[in-house]
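**Q** For the sequence shown, this note's numbering gives the first residue as 1, with consecutive numbering after it.
Possibly wrong hints are sitting among the right ones.
In silico lysine to aspartate or glutamate, DMTMM-like type, Cα no more than 20 Å apart, as pairs [said to hold, decoys possible]:
(1) LYS9 with GLU28
(2) LYS69 with ASP26
(3) LYS9 with ASP26
(4) LYS69 with GLU53
(5) LYS69 with GLU58
(6) LYS9 with GLU53
(7) LYS69 with GLU28
(8) LYS9 with GLU22
Please keep in mind that the hints were generated in silico from the structure rather than gathered at the bench.
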Amino acid sequence: LLFFGIRSKCGECHIVRGFANEMFSDFEPHVLGVPQIVPTEGIQPFDGPGADEDYGLEQQTGLEEDRYKFRTQPLRNAAYQPSYMHDGAYPC
């Protein structure tokens with residue numbers, strides 16, 4: 001399966017054991033290192049410096065340590081999605 005390769009480490013958050021196994025998610029926030037795409041474009045205003053960065057969970061908590069954390073999205077029905085990551089940075 002594409003998401004569970006050794007280098008990608010997707011399986012660390014998209015778990016297949018325990019309570020959430022059918023959804024392939026731990027439902028926890030993580031910093032993924034996904035690049036910011038198309039700053040100042042789109043329908044969702046960003047909240048970072050100059051309103052050109054998406055700070056993720058920090059927007060809700062106000063805690064700097066939550067900057068760039070995003071909830072692990074379930075992989076269920078991933079084959080039907082047009083792109084991957086919280087911001088759609090990677091097309092299928």
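**Q** Take the C-alpha atoms of LYS69 and ASP26, compute the straight-line distance between them, and say whether it is at most 20 Å.
**A** holds, 14 Å
**Q** Hint check: LYS69 vs GLU53, CA-CA at most 20 Å. Holds or violated?
**A** Between LYS69 and GLU53 the Cα gap is close to 13 Å, so the pair holds against 20 Å.
**Q** Are the Cα positions of LYS69 and GLU28 separated by 20 Å at most?
**A** Holds, at about 9 Å.
**Q** Holds or violated: are the alpha carbons of LYS9 and GLU53 at most 20 Å from each other?
**A** violated, 25 Å
**Q** Starting from LYS9, check that the Cα of GLU28 is at most 20 Å away, please.
**A** holds, 15 Å
**Q** Between LYS69 and GLU58, does the CA-CA distance stay at or below 20 Å?
**A** holds, 7 Å
**Q** Take a quick look at whether LYS9 and GLU22 sit within 20 Å of each other, Cα to Cα.
**A** holds, 18 Å
**Q** Would you check the hint for LYS9 and ASP26, treating anything up to 20 Å between C-alpha atoms as holding?
**A** holds, 14 Å
Checked against the numbered hints above, the structure breaks only hint 6 and satisfies the rest.
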